[in-house]
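Undergrad: The task is simple: from the sequences and hints, build the whole structure.
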Amino acid sequence: MTMSEADILATFTRILRDLLMDDGIVLKMDTRRPEVPNWDSFAYINFIVAAEGELGIRFNVAEVESFETVGDIVAAAMARLR
Amino acid sequence: MSRNSPAQGFRERLRAVLTTHDDMARLEALRTLSEFTPGHVETIQLDKALAGIDPEVIERRLTRVRVAVLSSCTTNHLAPGLRIAALRRGFFFSVYTGAFAQYRQELLEPTTPLQAFGPEVLVLSLSARALIGTLPVDADREHVEQVLQTEIAEVQGLWEATGKRFGAVVLQQTYMDVFEPVFGSYDRIAAASPARVIDRLNDLLAQAARDSGIALIDAARACARDGLEAWFDSARWLQGKMEIAPQAAYRYGELVARVVAAQRGRSRKCMVFDLDNTLWGGVLGDVGIEGLVLGEGSAVGEAYLELQRYAKRLNERGVILAICSKNDPVIAEQAFSRHPEMVLKHSDIACFVANWHDKAENLRHIAETLNIGLDSLVFVDDNPAERARVREAYPMIAVPELPEDPAHYVHALAHSGYFEAVSFTLEDSARTAAYAANAQREALRSTAQSMDEFLRGLDMEVSCGPVGRLELDRATQLINKTNQFNTTGRRYSVEEVASLAADPDCITLQFRLADRLGDNGLVSVMILRPSAAGATELDIWVMSCRVFGRQLEDAAMNIAVEHLQARGVQTLSARFVPTGRNSVIGDLFRKLSFESIGDDGTAGGQQWQLRVSDYEVRPTHIRRRSVQ
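From first to last, the protein sequence lines stand for chains L and W.
Each residue of the first sequence is one higher than the one before, starting from 1 at the first, in the numbering used here.
Each residue of the second sequence is one higher than the one before, starting from 83 at the first, in the numbering used here.
Source of the hints: derived by calculation from the structure; they are not laboratory data.
Each hint should be verified, as a subset may be incorrect.
[Unchecked claim] Computed far set for chain L versus chain W, every beta-carbon distance over 12 angstroms:
no. : residue
1   : V26
2   : D30
3   : S41
4   : R82
[Unchecked claim] Here are the in silico distance ranges between beta carbons for each label pair:
no. : chain 1 : residue 1 : chain 2 : residue 2 : range
5   : L       : A6        : W       : G215      : 56 to 64 angstroms
6   : L       : K28       : W       : A212      : 38 to 46 angstroms
7   : L       : G24       : W       : G245      : 20 to 28 angstroms
8   : W       : H421      : L       : A79       : 57 to 65 angstroms
9   : L       : G24       : W       : R270      : 48 to 56 angstroms
10  : W       : D281      : L       : A6        : 47 to 55 angstroms
11  : L       : A10       : W       : E372      : 50 to 58 angstroms
12  : W       : I413      : L       : A10       : 30 to 38 angstroms
13  : L       : A79       : W       : S380      : 44 to 52 angstroms
All C-beta atoms in this analysis are idealised placements derived from N, C-alpha and C, irrespective of residue type, glycine included.
TA: See below:
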């Protein structure tokens, strides 16, 4: 199964909506973490854990520290799923 | 790396629950949902939903416990897992998580936030990382032992301080082996290898816990069983000093909540099994006892055997077993007594209910019979419809989802932690056995459609032999103490009984009755001796009141007649001498087809006679076992 950028973005959106219990969340490629209410560092780690688990990939520790936008995370995931 | 799928249908179910405006109903629905969805993200969602419930409703419906987690690592990510595992058991945990590596200060310094929190339960989650870091890998055995003893002594000091300062119950987490091998397999031998250090530490911890009466949270074992990757992730350790990874929070919560529930007497007490395709393969009513899939020879048959063995093991540690099956009761019980591969015996089952009634009502009946709450039951049934019915009728009964493949039944049951224990003594199993046996007789009587069915269900076995040296004391005691079932009221000394037993012209018989509730022991004695008139007389016959109404008198007379026939005796005479206390057997001989031949010369005494050749063997539900 190949996933497109849009698929991954949709998966991330669903995971974050679940984790924060907020169906109003809309993630875009240029969304930054502080722009999403309650997406604190705690929720961020849980998001990474859940995303890794669901996609079956691992992000590098360095990447997790340096992701600026949702698009950065999507790109890192795409690179591993390709 | 394998992929985790989100729990099937959970999203929709949770969203449906959240539309419920009534907090009470929403809380109940969340609790139900918590039973099925133990994953990482689902647990966080449930926790958020729980936070939206009116605290007053929580107070009313759940038992609040203030739980503090102090650790040498980061633990605040564990809180949702703790709260949801608590919810699953009807508790609400107010959770306090200490700051990273501040456990000593928080416990020992005079004013800390922990003091304001006032923990009732204190979880001490310690890592061996620091200790292992200071131990050179070439340290000798004595040095290592000394370091480890010092560590455990310090931990014990913390337990004492916790008790004194907060009056809190301590739950000590075992040390997790999250360290990479240094030597390889030789790690288990090398005194200072991390693996060896952890093993030894946990040994010492267990000893200390036993001595101090402290409960353990065995994260080390869970970690070994679930796999290190389920519990530990070096990235999370580096990123956030979490020795327990976020995806393990719900597993950790389970371990803690089980122990807290067990300490408060909320562990389950009784496992109730369905029969067909649960304890054995196949539908008994269709395939008969011979057609059941059970036992060695087929993988499926062995899977059911494994489940029975597991149930037996639980039973040995005091878990009550019961049966609740839609089946013909007679055939169902026969399967227990006759199928050679059955590991579970009648005597292991405290309450055996096989009928065609609603299972939910049968379960209520089982709980009443055993005199335990519905919330003490775990109901194990392969049929999803029955499970759904029971859950709907009685949500307090635990109804685990069974996997489709019986190969995984044991794992599913063991994994659920329904029977968590915080202690084990010999009395546990003994007490439960007696308790179960009493309840069992009651259960059997009330489920039986008739007396006949009750007796058949008892699965009785009589053993008979002459009164020998071993039986002499008990036989004499029975003769002299028995007032009700006593045909003549004669009394004999041990010597007299011994001489009758040794007399080749006499027949002494002693009877033992066993049933599936246990062995009743030596419960009846007969002495047959030549009378003055040359006939054979039933000199005395006594029977313990414990076994009245069990057809033992019929079985015993059948056996006595066999002995008489073997000796060519034509006629047996018998007397009934009223003693004022034996009226219960006033018509015993009439029932046994003796002929009345008038009074015997004593007040109210009756003389009876039996023509041995005319005797018709009386049908009973008692099997024969001959003891020579």
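Undergrad: Against the structure, test the hints numbered earlier, and report the numbers of the ones violated in rising order.
TA: 3, 5, 7 and 12
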